[in-house]
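Q: Okay, here's what each chain looks like letter by letter:
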Amino acid sequence: MTAPGGPILTVEKVGRRFGPHFAVEDVSFTVDRGETVAILGPSGSGKTTLLRCINFLTPYETGRIHVAGRLVGYRDKDGRQVRDKESNVADIRKRIGFVFQRFNLFPHRTVIQNLIEGPVYVLGLPRAEAVERARKALSMVGLSDKEDAWPDQLSGGQQQRVGIARALCMEPELILFDEATSSLDPELVGEVLAVMRDLARSGMTMLIVTHEIAFARDVADRILFMENGRLIADEPAAAFFAAPPTPRIAQFLARSS
Amino acid sequence: MLSFAQTYFPLYLQGALIGIGLTILAMSGALAIGLVVALGRVSETVALRRLAAVYVALFRGVPPLVMIYIVYFGLPAWAASSGIEWLRTAMLPLDNRVVSATIALSVISGAYAAEILRAAIQAVPVEQREAARSIGMSHLMTLRRIILPQAFRIAFPPLGSEFIIILKGTSLVSVIGVSELMRTAQLAAAATFQSLTAYSFAALFYVALVIVIQIIVYLLERWMHLPTRSA
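Protein chains in written order, with our numbering: chain A, 8 to 264; chain B, 53 to 283.
The reader is advised that the hints may include incorrect statements.
Computed footprint of chain A on chain B, listed as stretches where at least three residues anywhere in the stretch have a Cβ under 8 Å from a Cβ of chain A [as the list claims (entries may be wrong)]:
1. 180-188
2. 194-208
3. 271-280
Between beta-carbon pairs, the in silico distance windows are [unchecked claim]:
4. B:Leu103 x A:Pro27: 41 to 51 Å
5. A:Glu178 x B:Val259: 56 to 66 Å
6. A:Arg204 x B:Pro279: 23 to 33 Å
7. B:His277 x A:Ala250: 53 to 63 Å
8. A:Asp98 x B:Gly229: 37 to 47 Å
9. B:Ile268 x A:Lys143: 18 to 28 Å
10. A:Arg204 x B:Ile76: 28 to 38 Å
11. B:Ala99 x A:Ala221: 22 to 32 Å
12. A:Ala221 x B:Ala109: 52 to 62 Å
13. B:Arg274 x A:Val89: 25 to 35 Å
No lab work stands behind these hints, which were simulated from the structure alone. By construction, the Cβ of each residue, glycine as well, lies at the ideal position given by its N, Cα and C atoms.
Build the full structure now, drawing on both the sequences and the hints.
A: Now the structure itself:
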């Protein structure tokens, strides 16, 4: 375990290829506990792949990722890195929340069932305690009245707030947001961003892939900028926006906001 | 016709019940086989995938009547002539007509059920698996709690059709003397020389049974249906 305040996430020289093409190449950065970090960059720059590497939904091929001091997806064997057991990967995933672009709620379970699924069946919490935790998370995302609704009865914005609540119910040490508002109608984006803003202010550690530049400027402590699979900027948000590190980034920001 | 119906109704009803019972047994077997084979078909292990594919190719190809002969006449005779004691003992249950019939129908329908279930499992979006994994679920738990419950809803209507196909397939086991509906009709025809009446009466029973099954399948389908915003 790292000390509180130390890095919860360490990414070192991470790479992932799809065929001959590097989706992510030689990316390194750290995220401290309590930090909110936004990853910006054009479409296809590898932001989502990088995020998926962190909880090993997409296995990275080179480099190392540590979450709370544990190597993700691999273990050392005679000095070489070999694939870790699935149960160890699952163990790390319990500590990392993931919010998907397309929500991915379980359609055959009600809202409350979606929320207690992980706590009861993965963490082994007593049902009553899981329900209590779920209700707290639902009130945090402003959906206390939707406890018994089915996912398909909810709007996109509501579904995504349930998605965030589902991640919260695992009491993760870090939550990854993969373009959490990109598949929402414009008028529904605000309610989801508001929840994310509250979360960031409550001290949750968050790594956010987003196209919402204004939101990143408002909420993020630090900005990572990716292009062609590489990390080309890693700066405090204020500095990043006050003086964009490269002309290319300045151009991107001008066009996106 | 009316007097025929009066005389033979109880016997036909008994035959129909035996047919239904046999269908339920065979369908249970088919579902068990189908689930195992379907999981083999979507397994990450190449050998399992191939094995499952061979099963489907083989047993979808064998006509049910041929299978019934193989299981009831073929296997016990082969075991007896092999001189291997444990094999002969293992095949003893096949002397029971119902056991043989159940196995033969299960093996064949299992291949069809496997294909239905495989398609249904693959129809569940891959994102569902990822969502389950993201909260730390194991492969097995993901399958059991997230994938299969959704796949089963998708598979339900075609499995209902398979149930009907098995029910009609039970008419074939009359050839090994199981006293189901068809066998009853044969005996009635032989006793009365009223072939048209005897077999038409059996046909009516089959149609009635199938309609009842369709209604039950429809009701179950509606019961399982998940509410949506438009509903």
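Q: Each hint needs a verdict: does it hold in this structure or not?
A: Hint-by-hint comparison with the structure:
1. Counting residues of the segment 180-188 of chain B whose CB falls under 8 Å from any CB of chain A gives 8; the rule of at least 3 is met.
2. Given a C-beta distance limit of less than 8 Å, the hint that chain A covers the segment 194-208 of chain B holds, as 5 residues qualify and 3 suffice.
3. Under a criterion of three residues with beta carbons nearer than 8 Å to beta carbons of chain A, the stated coverage of the segment 271-280 of chain B is upheld, 3 such residues being counted.
4. One distance hint, 41 to 51 Å for the beta-carbon pair B:Leu103 and A:Pro27, is violated here, with the actual separation near 34 Å.
5. As the Cβ distance of A:Glu178 to B:Val259 is approximately 59 Å, the hint placing it in 56 to 66 Å holds.
6. Checking the proposed 23 to 33 Å range against A:Arg204 and B:Pro279 shows it holds: the Cβ atoms sit about 31 Å from each other.
7. Between B:His277 and A:Ala250 the beta carbon distance is about 57 Å. The supplied range of 53 to 63 Å therefore holds.
8. Taken as a hint, the range 37 to 47 Å is violated for the pair A:Asp98 and B:Gly229, whose Cβ atoms sit roughly 59 Å apart.
9. The hinted range of 18 to 28 Å is not satisfied by B:Ile268 and A:Lys143, whose Cβ atoms lie roughly 43 Å apart.
10. A hinted range of 28 to 38 Å for the beta carbons of A:Arg204 and B:Ile76 is inconsistent with their spacing of about 57 Å.
11. In this structure the supplied range 22 to 32 Å is violated for B:Ala99 paired with A:Ala221, their Cβ-Cβ distance being about 54 Å.
12. Between A:Ala221 and B:Ala109 the beta carbons are some 58 Å apart, a value that agrees with the proposed interval 52 to 62 Å.
13. Between B:Arg274 and A:Val89 the beta carbons are some 51 Å apart, a value that contradicts the proposed interval 25 to 35 Å.
Hints 4, 8, 9, 10, 11 and 13 from the earlier list are contradicted by this structure; the remaining hints agree with it.
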